[in-house]
Structures are given as C-alpha cells and as structure tokens.
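Using the sequences and the hints given, assemble the complete structure.
Heads up: the protein sequence lines correspond to chains R, V, Z and D, in order. Read in order, the letters of the first sequence correspond to residues 46 to 339 in the working numbering. Read in order, the letters of the second sequence correspond to residues 16 to 449 in the working numbering. Read in order, the letters of the third sequence correspond to residues 777 to 1095 in the working numbering. Read in order, the letters of the fourth sequence correspond to residues -2 to 248 in the working numbering.
It should be emphasised that the hints constitute simulated quantities derived from the structure, not laboratory data. There's no promise every hint is true.
[Unchecked claim] Subject to a maximum C-alpha distance of 20 Å in a straight line, what follows is the list of computed EDC-like cross-link-like pairs (lysine to aspartate or glutamate):
#	chain 1	residue 1	chain 2	residue 2
1	D	Lys23	D	Glu229
2	Z	Lys782	D	Asp100
3	V	Lys153	Z	Asp934
4	V	Lys153	Z	Glu939
5	D	Lys23	D	Asp222
6	D	Lys77	Z	Glu975
7	Z	Lys1088	D	Asp100
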Amino acid sequence: MDLGPFLFLASLEGLVQAAVLSLSALGLCLVFGVLRVVNVAHGEFYMAGAVIAWAISHALPGQPLLGFLAALFLAPLLVGLAAFIADRAILRKINHNPEATIVATIGMLYVIQQSALIGFGPDARPMEPPFYFHVNFPWFGYSGYKLSVILMAAALLLFVWYVISRTRLGLFMRATQLDREMAQVSGIPVGWVYGLVFAAGAMLAALGAVLIAPIRQVHYLMGLDPLLMSFIVVIIGGLGSIRGALLAALVIGMCDGIVSMFFSPTLAKMISTLLVALVLILRPEGLFGQRKPL
Amino acid sequence: MSDNTDILADKDKRKSLRKLAGAAGIAMTAPFSPVLMGHALGSDRPIKVGMQLHRTGIGASYGRWYERTAVATVKLINEEGGINGRPVELVIEDDGTDPKRGAEAIEKFATWHKTDVAYGTLFSHVVIGSSPRAGELKLPYYVVSEGYHVASGSLNRYVFQPGITDVRSQMVSMAPWIAANLGKKVTMIFPDYAFGHDHRDYFSAAIAEQGGEVLEMIPIPPTESSFTRYFPKIPRQTEVLYHVLVGPGVLTFVKEMGQFFGTRDRPRIFGYIDSLEAVDFATPQLEFLQGTHFWEAFPRYAQPDQTQHDQYFRGQVGVDNNGASVNDPRDISTYSHMFGCWETLFIIKQAMEICGYSGPEDRQALIEATESLTEFPESRNHPQGGKTFNGKIHQCFGIQHISRVEDSRLNVVHTTSIEDGLYEPEADYTQMAL
Amino acid sequence: MTGSGKRSLTLHIGVLVLLFLLPFILPDYHQLVITRIMILAIFALGYNILFGYAGLLSLGHAMFFACGLYAAGLPVYHLGWEVPLAFLFAIVISALAAALIGAIALRTQGVAFMIVTLMFAQAVYLGTLYFSDVTGADEGLVLPEHARSFDALGMRVDLTSPEVRYYIALALLSAAVLMVCRWVNGGLGREWVAVRENESRTRMLGYNTFLIKLKAMVISGTFSGGAGAAYGLLFAYVGSTFASIQYSIDALLFTLLGGAGTVLGPILGSFIMFYLVDFFSGHTTAYLLATGVVLILLIMYFPLGVLGTLRKKWLPWLP
Amino acid sequence: MAALVAVSLLSAKKLNRRFGGIAAVKDVDFSLEQGEIRGIIGPNGAGKTSFVNLLSGRLAPDSGQVVFQGVDITRQSVWKRARLGIAYSFQIISIYPGLTVFDNVAIGAQLGMQQPSKSGQSRDQEPDLEEVVGSCLKLTGLDWGRTQLASELAYGHQRLLEITINLAVDPTLLILDEPTQGLSVDEIDEFAGLLKRIRSGRTIILIEHNLPFVMNLADRVTVMDQGGILAENDPKGIQMDARVKAAYLGK
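Rendered as structure tokens:
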C-alpha cells in the first residue's frame, strides 16, 4: 500500500485506539488525581464492563441496538457500584495509603478477573455491534461502527467535562483534590467523594469497554492491555492532570497506530514502557504535566 | 477427601516413618485432587490417563472440546470393557495453556496421581515445555498438537503424536493444490510462536517446491487483540493470502480482514480452519469469506459422502451435522482437531493391549509397543480417515481436506492422499535410551 | 552471642534440618513440589531484602528472576556451556543488571518506584518475546541433554534425579538463609532498616542512603537471578512466562504473607501460597482467586504477615 | 576550654538563599570557633533554620561559601558533610519510631565506629558496638530503656534519643535546632546539664527561643533578623545591645 493511504489507515486506527484509551485513562487519572492512589484493578473494571455488555446483548438476541444502549447505561452503573463498594469496604480500611492500595488493588485485579473466569468462562465471545455499515475508501475498507466509536467517545468525554466543571459533585472533587483537609473542614463528605471518584474511574473504564466490545471480542484476560496503556498515558500526561492525560491518550493512541504499522507491535510496546519509566525518572510531572491539574 | 489415606496406602515401604510424618503435620499439606484417588496397587486398579488440558488461557476454546471428546472416548472404552480388562480413568489437570504449568502438570501426573500416561496437549509451546519433564520422569506422553516438534526429533522418546497429522505434512500435501488452483505468490499471516513458525518454515518450503514464492511473512504475537494494522503489509501483487491464527482474537482477526478488503479486489484467501475453529461461519461480517478456502482435517459440516464413522463420532461426542454442540447450536466445536483426542486414546488402548500393559512398570514396553505400530485403517476408532504411523519419528500421517465457503458452510473441494503428505524423516527416536 | 541470637540460630538450623529430612518421609510428588518451592523461596528471600528490610516495594522482580534464568539458560542452549559455569555467569549478570536498574530506578521513590520497576519488568518481558530467535519467546527453550548432568568435586551430578535436584535446591536455600541471617543481623541490615524507617534522618546522620539502597537492590537482584538460574537449570526449561508480572506479584505475595522483614517469612509464605494454590487448582480453574483474596486480607488485616504478627505478639527475638 | 587556641572550625562567606521572591538568608558572614557553644537567636522567620540548613547541607545556597575545617563543603551533599563531623538534630523529632532505643543509637554508633574519633578521645582497640551504644545511653541517661520501642517513649525522652543518636556518630559540630521545645522546666534543666557534659571536645550551635537557656549556656550569641546577622557578642554584650533590644527583645 502507498504511504498516504497507509498513514490514513494508521491514523484511523490510532483515533479509535485513542478514543477508547482516553476514556479508560481518564478514569485512572481521576482516581489518581483525587485519591492520590494508583488503581491496578482498573483494567479489570474495563473487562467487567465488557463482560456485562456481552451478557446484556446476549440476553437480547436479535436486538443489537437495544442491547448496546442498555449496556452503555447498565454496564458502567454496575461496575461503578462494585467499585464503590470495593472502595468503602477495602480501600477506606487501609486509609487509601498509596502503597497498600497498590497491593490491595492487585488483589482486586485477581478477584475480578478470576470471578469473570468462573462466571463468564475462558472463551472469547463476540458481541454484535449495534449497527454495522461498511465504509469503502478507495484503498481499503473500514468499519462504520469503528468510526462511530470515535464520535461516541468524544461525546462521553464532553459529558465528563460537564460533570467535573459544572456540577456540585465536580466541585467537591476539585476541592478534595486541591486540599483534602480543607475540603473536610468545609463540610465536604470526603469519604463519599473518594468512593464516588473511585466508582467514576471504574465507570469510565467500563464505558470504554462497552464501546470496544463490538469491535474486539470479550475475554476475561482483556483487561491487562488497557491497564498498561492507561498507565502509560497517565504517566506521560502527568499524574493526575486530566488535560495532560487526554492529550497523551491522543498522541499515544496515534503513535501506537502508526508506529506499530512500521515496526513490530511488541517492539513498539517495549519502547513505550521504557519511555514511561524514563519519564517518571527524569520528568516526574509528565511530558505535558503541569502542577495544577483539572 | 481420601488423600491422607492415599499417602499412607501406597507408601508401605516407608511405614516406619509414617508416624513421624503424621506428627509433623505433613499429611495436612497433601494437595486435593479433582478426582477420587485410586486405591492400593492391584489388578482392579484403573488405567489412569492424565489429561493435560487447556482449560484456561489462550487455548481454552480448544480445551473445552478436547475435554468433551476425551470424556466421550473414555466412556466408550469403559463400556466396551476398558483396557486389558481394567477401567480407564481420566485425570484432568489444567495447564493454563502455559508451558511452565504444563511441566508441573506432568510432574503431578507422574508422582502424585501416578497416571500411566499423560495425554491430550494441543498448544505446541506447552508440549515443548512439558516434554523434558515427561522424558525424565519416564512418563509416556501422547500429544494431540499438530506441531512438527514431535516428528522433528527435538523432543524425546517418551513423546508421541499418533492421532493427528503434523503441520509439515499437512502443508506438503496441500501446497500443490494451492499453487495449481489459487496462485503462486503467497503472503502468510501466522501466529508468532512455535506452531506459527512451523507454518512459516514448511509452507514456504512446500510452495517453493511448486514453483511459488512467499512474498511477505506477517507474524502476529499470540496475545494480539487488534489486527487491522497488519493488513497494509500485504503486498499488492499477492495472489494468495494464507492465514492461520489461534487464540482469543481469531474472530476479530477474520472480521477485520473482511473490513480491510471491503468490496474491492482482493487476493484469493486460503485459511487454516484454526483461524475460525469454534467460531460460527454464520456470524455477521463473515459473509466476505464466501468463496474462500480453508484447510480442514475433518470436515466440520457433514458432507454428502459422510462416513458412518463420522456420524458415530458426532453422536458420541454430541456434535450435530453443522459441527455445533447438540445442546447449543451456537457452541461450535473444534472439529478439525478434537478427533485427535478420540483416535489417540484408541491408539493408547491398542498399544497397551499389544504389550499386555499392567502398570507403570510396563511403561517402557508401552513405548516400544507404540513404536511398533504402523497403520491405523479408517474405522470407528479412526473416524477422520486411515493413517500410517512412523515409529521412528513418533508421528502419524493422514488425509487432509480443502473446503470452500459456500453460504456460510464449508464444502470439501479437494482431499489429499496420505502419500501426498509424506516427507523424508529427519530423526529416529528409537535410537534413544529408554 | 545473646540468648535470642542462639534461639534464632537454632530455629533456622532446625528449619533447614527439617527440610533435609522431608524427602525421607514425603511422597515423591511433594519432593518435586518442595524443590520448586525452595527455589522460589530463594527468590522471595531476595525480594524480602529489598522490600522487607530496605522498605522498597518493587513490582518488577520477575525481571531479575528472568535475567538469571536466561543468563544461565541461553549460554547452555546456544553455546553448550557447562551448568556450573552458566550458574556463576548468571549470578554475575544478575548482579550487574540489578546494579544498572537500581542506579536508574532508585532515583524515584514510593509509588513512582513501584511503577518504574513494573515498567522495566514489562519491557524485559516484552524483550523476551521480541527476541524470540534467541529466547524462544512464549514457547521457550528446552535445555539439551548435556546440561542435565555435570562434574563437580569429582562426582557426576545427575540433574534428572529428583533427589539430586532436591538437595541442590536445599543447599542453595541454606546458603541463602545463612547469608541473609548474617547480613540482617549485622551492620548492613541495620543500615537497610534505618533507610526503611527514616531515610532522611539516616542521610543526615552521614549515611550514603543511595548506596545503601543500591546494595539492597544488587543483593536482592542477585538472589532473584540466582533463583531464576537455578530454576532454569534444574528443570531444564527457560521461557517468557517467568518474566511475566505474575512472578513479580508472587514474590511480593510470598513475602507479605510470611512476614516482610523476617528471615523465614518468605520461605513460609512460599510454602503456604504454593500449597494453597495447589489446593484451589484442584477445585477450580480460577485458582488465582486465592492469590487475590489472600492479598486483600493480608493488606487489610495482617500487614505484618504470619511471622511478623508472631514476632510482634509473642516472639520478639525472631529475626 | 579557654586554654584552647581559638581556631575557626567553620566559616560562611556571603551566604545567600532565596525562596521564591523572599530572601531567607542574605549575605551572611559567619565564623565559629572550635569548642564553643554558639547560640543563634532571632524572631520567627529570621532565617535561623534556613541558615543552619545551609551549613548542614539540607539546603544548597544560591551563592556564597561554607568552609569546614579548612575544606570548602559548599557543594557537598548532606551525608558527606555529616561524615566530616557536622551533625544536625531536628527541630521536629526525627528518630526511628519502629525500632528499639538500642537500635536507634546503634545506627548512629556503627557509623561513628567506621571513622576516626573526632572528639579526640583515643580508642585503644576496636570498640564493641554494645559498649559504644551503652556509653552513649548512659551519657544521656536513657540506658534504662534500651529495649523499648522508640515510638513508645515519652516526648522528652524522644528528644533525648534524638540527641543520643547524633552523639553516637561522635560529631565535631552539633547543630541543635530548638532542643528545648516542648520540654518541661525540669527537663530543660536536665538538658542544660547534659549539654555541659557533652561539650568536651565538641562545638555546638544552639538555635533557641528560650533565651535564659541560651544565655546561660552559650559562649557567644548570634542574633539574626530578616535573613541577616544583626549582632554577635557574648551573652552579656547581647543583652546590652540596643539594636537587639529594639529588633527582638523589646517586642
């Protein structure tokens, strides 16, 4: 294929990747920004979202659109509820201590993943897209649903922006992030905000997963890759900085799409993980980092 | 469970230390096995077959059907009087489709379950990781893997593949038809590990022999989940796109291939059924496969000339004429592989009967008996077709089918003969010490 | 030597003697299992030096395990090296790798250190996949026949014998335990603990805390690499699976469970966890559920682990 | 003490350090003689702690020079300066709370034993760690609690432990940042006694708010204000100094 169409296809792939990645990375970023903890189970919330989406669409055979819409609503809700309970029952007990939280969320990673193995089984299962049409470019074809994922992700991101900047919950979140003690003194229920933000982070991951489920198959091990990618995005973007994370998601999604067309994807991943380590060491505030996030 | 008594029961020679073990609480640490343990050694002791199963990991969809087939076969053998008058017991350990756990499963079979043989592994990296342990523990190990590693001589005398043809033979037998009917300029997409490398090495050699060439090789990491980015690497002058993939991403792979080609001109497509094993051809977005070809060892959709053996096999395992579970038409089997589990168990039975196998002390005789086999005629026990067996390289050779996709089903258009798939053996396991 | 010193010495020797006697009373299967556990316990002992004593939580120790595994296995496979030479080579390489990674990663602290080690380990794992021509990637390499025995001290050591493997593993574990005992009861151990408890104070006192942490990293990495080398050579197989994150988590889990900062804790943790998983895998394919549940319960209720809790409540002399 | 020839142990020239737009330490020239106890006083925010941080190396100066025993240590790291013999005792207690009192002191002692004695006391043979720790604990009167966890000690005892750890390293110069803060009157008296016991062979900088305490102990007193040195004299002279009264005491 010629270079032009080649890059065009790579960019489309990159945009789809970036769209989903920005949702899940935003979730991780939010949690880190407000709670100051790293949620290692983030990828499993993503997987859980996809599994629930599959289950819903499976329960409504022949009605992919209805199934998808129901999943788009219910899957994040259920995942968010589970995350909220996990925060109140586990993370609150260890006072959101950063290091203990990593260990605890590693434990949660296994619990969720293995529960999915028991309940959902070890097979990869396809989920029917809500609608399907084929886009024929002169050089190659492309899935219309994939293109729509980019738009849907953008709409969801706008919604998140609205919640953070225009609602009471968003205000509480920003206040808690800036100064936990002050927030507490001003009567913000910090414990609840923590739980809600942890849930919101998981919900964003689940949303990304619902969008991607009809493209890729649903599998109990599908959470590991988005976790690593989200990590990379959040670190490069500057821990806790939402704008940085979104920018990084776009750049990394696009890079991943383009670079892995020229090089082995394994090599591409290897380089990006090393890059993350170096960024953390040399520029802990991230490449696009700023000290005042949100 | 009965584990504590079991430790004591078959450890008579260590009776004197038994109390010490009890006192130290060692017996408490005994693992709990999924099956009831057999009792003390005796003539009524069942023949234990340790099945190394891909219950989890990337081989899970195969594992599920391998298990069903093995269970059905054991049931049949037991209904017919077992082996040498003794019942057969299947002991299953999950290997997670992981070589390291595979090796541990072999150890568990040899020393804990004390199975007579190990059996049933599909994924070649698990076979390769497990073989040395089987060799050193002197546990006969019958794999159903398709890989060339057994026949290549790189494993050891305890490893056999008597129930399924290896990939190299499959390719040697099919390359002439592909070159003559589809084209000679080939691009290959294959998984980037042992099984895929067999394809890479032996198909490119086989097609070169037919005057063809491989234009581009596109290896895909086994855990990949997104594939569109690989397709632009397919050169424009490609006549035949040869694809084979395994793992959880196969359906995505085939769908994205369809999306990429769209309705434009595209090369002819020849796939290994592995790319769609356990996947329904009637899945939306697979319509583009119409008119493409697939290799099948054993036709998934019952053909007009279906043999009675095929029919019987489907009935016993619980598969309908579309290759799906009789209980759930959406649950598609791995029909081109799982027959190997059936046939291999009957070969184990045959070999055990030849050497009058009575227990682990006869394992070496079992190896020699298996090596002495030469032919498995088409029969109920060998429903996929007749096979020859080369005892020196521990590998069997059978027929292959090339099928065309027509209206979301596969119709056989060409069947190779056993002779088509023969190649010069490169090893001789019988020279190795037992 | 003080009374508590004698008691702890007796305990350690006792544990090793018990391990020496076990093969006489245990069924063959457990002999094989314990051989593996002892090697993994060396890995955990190494991890514990860094985490339990120096207070640095690494999420990437599988890279050192894999480093030893490959540094031993590849020369044997590709160059036909003898086993003892390969083992020593692996030790040296692991030490160098740990020094290099440590020199870079120790510029960070806390959560950043955890993520940096995680990322380095992930890069190593991907590297073992990427350089599949050399490493055999997922599929791995089976070590050839010549590597299954070697001459040492005028004896032929046959690695295909389970007894021989068991006692080699025990010898390595004993050496590791004695070394750890010596270090942690001496000045070096006190320096590690000082860094763990209050790094800035320790630096103000005049300690080069970076060097102290680097020492912990190198010793820890060398132990882990040695365990990897032993695992590869004893069981004649090297493969990418050993570089996966699962092994980094296992080292943490064994240490946390047994008791971080106790000498015998990682060994006890390895035993409990291995048998727990063995037990669960008999009942469910989702046996890693046990790993998850144990991790959560430990961090919530027993952050000190089994021996750590014992030491705090009843046995203050435990090292 | 007075018999000793006055030698400059430590000197600072034109030290500057800014935080953002504020000059915390401004053009400070400072000289310390071997064996003296120097008090540093001044109102809050006068730059006392910043200044001693520049001496101990916890902060790097923007400009200026620090010389210790004839060696320019301006660019040396904290731990190297400590090895040369500068010990800093924290204003906010900084001990090893999870360890026993013995281990706390041993951490300092084992470092002190690795290097030649600085306080001039000769060592005939390689001392035993137990002995060194024991004698340090006796010196500060903490030897009754050697097996206790540091976190379980009372506040005043933690203060003493903090100093004991430093003494165990056997420093030449001991910088004490508000050592009497939070202590009872009795404890302060005891502490003054302790300082008198340990001053032999050592030089001590004492940052204090408790003026009677400083005036009683110090050989000389430096008064800081707004990042600079306002006055320097013996305690009597300082008490007479009109500028000091105006800037500080008179308030």
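Now for the hints, and whether the structure bears them out:
1. Pair hint Lys23 of chain D plus Glu229 of chain D holds up; C-alpha atoms about 16 Å apart against a cutoff of 20 Å.
2. Taken as a hint, the Lys782 of chain Z and Asp100 of chain D pair is honoured in the structure, with Cα atoms around 19 Å apart against an allowance of 20 Å.
3. Restraint check: the Cα-Cα separation between Lys153 of chain V and Asp934 of chain Z comes to about 15 Å, which is no more than 20 Å; the hinted pair holds.
4. Straight-line distance between C-alpha atoms of Lys153 of chain V and Glu939 of chain Z comes to about 16 Å, which keeps the hinted pair within the 20 Å bound.
5. Distance check on the hinted pair: Lys23 of chain D and Asp222 of chain D sit about 10 Å apart at the alpha-carbon level, within 20 Å; holds.
6. The suggested pairing of Lys77 of chain D with Glu975 of chain Z holds, with an alpha-carbon distance near 15 Å, which does not exceed 20 Å.
7. About 16 Å separates the Cα atoms of Lys1088 of chain Z and Asp100 of chain D, which keeps this hinted pair within 20 Å; it holds.
No hint from the list above goes unmet by this structure.
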